[in-house]
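Below, each chain spelled out in residue letters.
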Amino acid sequence: MTAATEPATPSPATAAPATALVIAGITRHFHIGKRDIVALDGVSATTTPGLVTGLIGPDGAGKTTLMRLIAGLLRADSGSISVFGTDVRADPLAVQGMISYMPQRFGLYEDLTVAENLDLYADLQGVAPATRAARYAELMQMTGLASFTTRLAGKLSGGMKQKLGLACTLIRPPRLLLLDEPTVGVDPVSRRELWSIVDHLVRSAHMTVLLSTAYLDEAERCDSVLLLHEGKMIGAGPPGDFTRAMAGRSFQARSARLSKRALQAALVPLQGVTDAVIQGEAVRLVMDAGVTPDFAAQAKLSDAAITPVTPRFEDRFVDLLRAKAGTTASAKPVATALPPRARPENAASQVIEVDHLIKRFGEFRAVDDISFAVKRGEIFGLLGANGAGKSTTFRMLCGLLPASSGRLQVDGFDLRTAAPTARGRLGYMAQKFSLYGDLSVMQNLNFFSAAYGLTGARRTARTAWALDEFELAPLRDATSRDLPLGFKQRMALACALMHEPDILFLDEPTSGVDPLMRREFWQRINTLADAGVTILVTTHFMDEAEYCDRLVIMARGRILAAGTSEQLKQSCRDAAHPDPTMEDAFIALIEADDAKSNPRAEAA
Amino acid sequence: MFGRVLALVIKEFLAILRDGKSRMVLVGPPLIQLLVFGYAASFDLNHVPFAVYDQDRSIASRDLVADFAGSRAFQQVATLHSPRQIQSLIDSRTVEMVLDIDPRFSRDLLTHQPAPVQVIVDGRNSNTALLILGYANTIIADASTTWATEHGGAAPPAQLDPRALFNPDLDSHWFIIPGIVALLTQVVTLLVVGLSVAREREAGTFDQILVTPMRPLDILLGKSIPGLIIGMVEATVSIIASVYWFDVPLRGGLLELYTGLLLFTVAVTGIGLMISSIAATQQQALLGAFLFMVPSIILSGFATPIANMPPLVQDLTWINPMRFALVVIRRCFLEQPSFRSLSGQYIAMAILAVLSLTAAAWLFRKRSV
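Chains as they are written, first to last, in this note's numbering: chain A, 543 to 1146; chain B, 9 to 377.
Fair warning: there could be bad hints in the mix.
[What the hints assert, rightly or not] Distance windows between CB atoms, simulated:
no., chain 1, residue 1, chain 2, residue 2, range
1, B, E210, A, P811, 41 to 47 Å
2, B, E210, A, A787, 42 to 48 Å
3, B, R31, A, L1027, 24 to 30 Å
4, A, G904, B, E210, 19 to 25 Å
5, A, S947, B, I248, 55 to 61 Å
6, A, P811, B, R31, 45 to 51 Å
7, B, E210, A, R1000, 31 to 37 Å
8, B, L225, A, A847, 55 to 61 Å
9, B, E210, A, R745, 40 to 46 Å
[Said to hold, decoys possible] Computed, partial: chain A to chain B, Cβ under 10 Å:
no., residue
10, G941
11, L942
12, P962
13, M971
14, A972
15, K974
16, F975
17, L977
18, L981
19, Q985
20, F989
21, F990
22, S991
23, A992
24, Y994
25, T1021
Please keep in mind that the hints were generated in silico from the structure rather than gathered at the bench. Just so we're clear, the structure is a prediction, and the values are computed from it rather than from any experiment. Think of the CB as a built atom: it goes at the ideal place given N, C-alpha and C, for glycine as much as any other residue.
All chains, full assembly: derive it from the sequences and hints.
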C-alpha cells in the first residue's frame, strides 16, 4: 500500500551524510480501552539535510506520532528511525542531543516573562551562561520579540507565543528541528513570519527542519513534502512534483446564468470530474487525467466559461484520495434535503443583526464595536486568527455569553434574554466534537431530539432521517467516541439539524479534516443554504472562507473588512500581487490596520 | 418540559453507566470505605501492651497482674526489675501502660489498709490514655471487691452497677457504622452531582445543551435527579450491609429513616449543584467537593460529639445537613423514634435543602443563561 519514494531532489552542498532522517517501515498502534488504533502503518521516508521537509496531512493522519517517534518519546512497534545515522531506539540520548522538538502546545510558563522563559529553557538545555547573552539577542532579533522581553508570556498574542516557543526550542541550536503544527490557528502575518524564521534557519544556520501542518497551502513553501493520510504515506517528493502531476487538469469555471453553488452542484456528479469546489465567485475544477472539460452536451452548463489555472497541492491530494477510495466514493452527491417549509418572511430579510457590539473582559476588549448583518439563506463567515474575537462574537450570538454593550438579534431575538423556545430555531455545531462520547450514536440522536422538544412521529421520522441521510444506520449502536473523525462530524451535523433549524451556527467546522470530508461537509451546507437556511461560520482557514457568500475579517476584536471573498481579494490587488489570495488580502488588511493604529511605528 | 428532563436523566445515567471509570467511582470507593470503617474504625481498645513492675511479688500482687493480663483489653509484654526501665519502654512506645505494684501492697491488704497501686500511662494520645485509665480503674475496683468478699474486709460503701441502654455491650461499631451510611451517601451524591456539569463543560457538551430550548430549571432537574437516585441507592446498599454484614440492629421504622435520608440527599444535591455551577473544570469541582466534605464530616458529630465543640463552632454545625442526618440515622438504628420526635431534624434538613437548591439555581442562572 505504501507509496513511499525517495525524494527526488539532489541535496545541494551537503557535507556529511546524504540523509538527515531515515524512516523505515514504521508501524505504531495505540490501544485505548478495547480499541486498537493504527496511528502509523508501515511508513518509510527519507529527508535531506539542510532542507525544510513538510509532514502534511489532516488531523489523525499520524503526524504527531511520527514526530514523537523521531524524538524518541515513543517506541515504534516495528521499523526503525535513524537521525544522521544514529538509530533512535539504540541511542535515544544521542539523538535527542541532535534535535529540538517543539510540540503543538509548547510549554511556555505564562506567569514568567519572555526573558525568564528563555532563562528557564537555557538552564534546562544546559546552555553556558557566557554564551547566553549573544544567543538571546540573536533569537529575539530573529523573532522580533526584542522589545517584549519583560512582558509576561501569558500576555503575548497567539502568534508571539508561538515565536517565543520557537525561540526557546532553538536556545541550543539543533541539527534537526522538529516543529509540530507551529502555524495552526496563528494569524497570517505571524504565520508568514514563522515561515521566514524557518527559512532563515535553514539557509543561514544550515539546520534541517521537519515541520508538520494540516494547512495544505503550506506544502508549497516546503522544499520537500511527505503526505500522510490515515497512518499511511501516500506521497513524497518536492511540492513541484505534486503539482506537475496535475498539469493541464485544473480549471476555473464561471457561469453567468448559474449561481456558483448551482454550478458546483452541476459539475460534481459529472463523469470525468475529479473535484469541483467553490472559490470566490467561481468554481475550481479538476478533471480526471486525460479528460478535457467539454460540457457542450450539458444544456445547463452551455454558458460555462472554462479557463485553465495553475494546479495547487490540494488538487493532487484530492486526486490521490479519490484514486485510493476508488470510483464508488467519488463525488457522491449528498442531498441534505429539508422538507419544504412555509417561509412567510421575504427572502432579503436580515436574519442576524449585530450593531456596535462590544464585549469587555475587565480592561480587555475581546470584541470591540463590531456591526454586521446576515441575510436569509446566506453563508456568512467570520474569518480571523485565534484570539481575534470571532468565538466571543459567536458565543454572544448563541446566547452563551452576555454582551457588554451593543445590540444583537438572531431571527428577531436576543437569545440571551429571549424565551428558551427561541433557541429552537437555531442549530449549533461546535468545533470540538461535543456530543456525548460515552453514548451510542442512537442514544445521542435520541437525546438531542428530545432536547429540542421533538416528540412522537416527528421524532421517529427525524431520527430515521438522520440515520439514513448521514449513513449512520450501520453504526447506530457504536459508542460515538470510537467513531472515525468523519463520522463524528457527520453525527454532530445530524444532531444540529434534527429540529430543522432556520439558522445554523458552525464553529471551525472543517479545521483539520481531510479534503474529501471537507467537500462532503460543504456540499451539505450548500444544499441547506439553497433551502433557505442561514449559516454563520467562524474559521481561521483561508480556504473555508472561500465557501462563504460574504464574510468579515476580524483581528483584535475588530472587523477589518467585509464583503464577498472576491471583493476582499480584489481590494488588495497591486503590482506585487496580480492575483491575490485570501491570505494576501488578510495580511494587507492587518498591515494597513497596524499603520493606522500606530502611525509612529510606520514612520520609524 | 417533562420529556426534556426525562431525556436528560436518561442521558446522565447512560453517561455514568457506560463509562467504566464513572461506574468504578460508584462502586469502588464506597465499598472500600464501608470495609475500612466497618472493620478498622473503633473506639474500643484491645490488647493494650503493658509492663509490670511488681515490687511486692506476693500471691495478691500476682492475682492482680493476672486480672490485667487476662482481660481482653490488656496484653502483658514485659516484666520489669528496676524503675529505670519504665521510662525507656514508654518512650519507645513498646508499652502504653506500666503497672507499678508497691512493695507494701500485700501487707497493706492484709492489714486492711488502702493498698497503693501506681498506673503509669503514655499521655501522648490523651484519648487512649483516658480509656486505659478507665479500664485499669475497673479492673482494680473489681479486684478490690473480690479481695474484700474473700478475705472478709469491709466492702466499699457504694457500688457502681452500670447498665448501657440501646447498646448493652457499648460496642462502638454500633455507633460508627450507621454514621457511614450518611458519609457514603454524602460522598457519592456530591461527586456525581458536583462533577457532572464540570465534565460537560470540559467536553464542550454543556454549550451544546445551553443552545437547545431547555430551560435552566430543566437542566437543574436533569442534573439533580440522577444524583438523588444514586445517593438513595448508595444509602440503601450501606444500610443492608450494616444490618446483614456488620450485625448492627435496625430497630426504627423505614419510613422515619428514609424520610431523613431523602431530605438529606436533596440538601447534598443542592450543595453539589452549587459546586457544579461555580467550577469550570472537573479538578476544581473535585477540590470544591473535598473542601466541603472534610469540614462537614468533622462538624457533623460523626467521630467527635458536637457538644464537645466550642460554642461558635457548634453554631456552625447548624448549616451542615449531615449533622441532622446523623441524628436521624443513628436514632433509627438503635431506637424506635417516632416520626414526630424527628420532625426537628427533618425541618432543619428541608430548610437547608431549599436554601442550597435556591442558591444553586441562582448561581446556575448567573453562570449560564
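Hint-by-hint comparison with the structure:
{"no.": "1", "hint": "E210(B) / P811(A): 41 to 47 Å", "result": "holds (42 Å)"}
{"no.": "2", "hint": "E210(B) / A787(A): 42 to 48 Å", "result": "holds (44 Å)"}
{"no.": "3", "hint": "R31(B) / L1027(A): 24 to 30 Å", "result": "holds (27 Å)"}
{"no.": "4", "hint": "G904(A) / E210(B): 19 to 25 Å", "result": "holds (24 Å)"}
{"no.": "5", "hint": "S947(A) / I248(B): 55 to 61 Å", "result": "holds (59 Å)"}
{"no.": "6", "hint": "P811(A) / R31(B): 45 to 51 Å", "result": "holds (48 Å)"}
{"no.": "7", "hint": "E210(B) / R1000(A): 31 to 37 Å", "result": "holds (33 Å)"}
{"no.": "8", "hint": "L225(B) / A847(A): 55 to 61 Å", "result": "holds (59 Å)"}
{"no.": "9", "hint": "E210(B) / R745(A): 40 to 46 Å", "result": "holds (44 Å)"}
{"no.": "10", "hint": "G941", "result": "holds (7 Å)"}
{"no.": "11", "hint": "L942", "result": "holds (6 Å)"}
{"no.": "12", "hint": "P962", "result": "holds (5 Å)"}
{"no.": "13", "hint": "M971", "result": "holds (9 Å)"}
{"no.": "14", "hint": "A972", "result": "holds (5 Å)"}
{"no.": "15", "hint": "K974", "result": "holds (5 Å)"}
{"no.": "16", "hint": "F975", "result": "holds (8 Å)"}
{"no.": "17", "hint": "L977", "result": "holds (7 Å)"}
{"no.": "18", "hint": "L981", "result": "holds (5 Å)"}
{"no.": "19", "hint": "Q985", "result": "holds (6 Å)"}
{"no.": "20", "hint": "F989", "result": "holds (5 Å)"}
{"no.": "21", "hint": "F990", "result": "holds (7 Å)"}
{"no.": "22", "hint": "S991", "result": "holds (8 Å)"}
{"no.": "23", "hint": "A992", "result": "holds (3 Å)"}
{"no.": "24", "hint": "Y994", "result": "holds (6 Å)"}
{"no.": "25", "hint": "T1021", "result": "holds (7 Å)"}
Hint violations for this structure: none, all hints satisfied.
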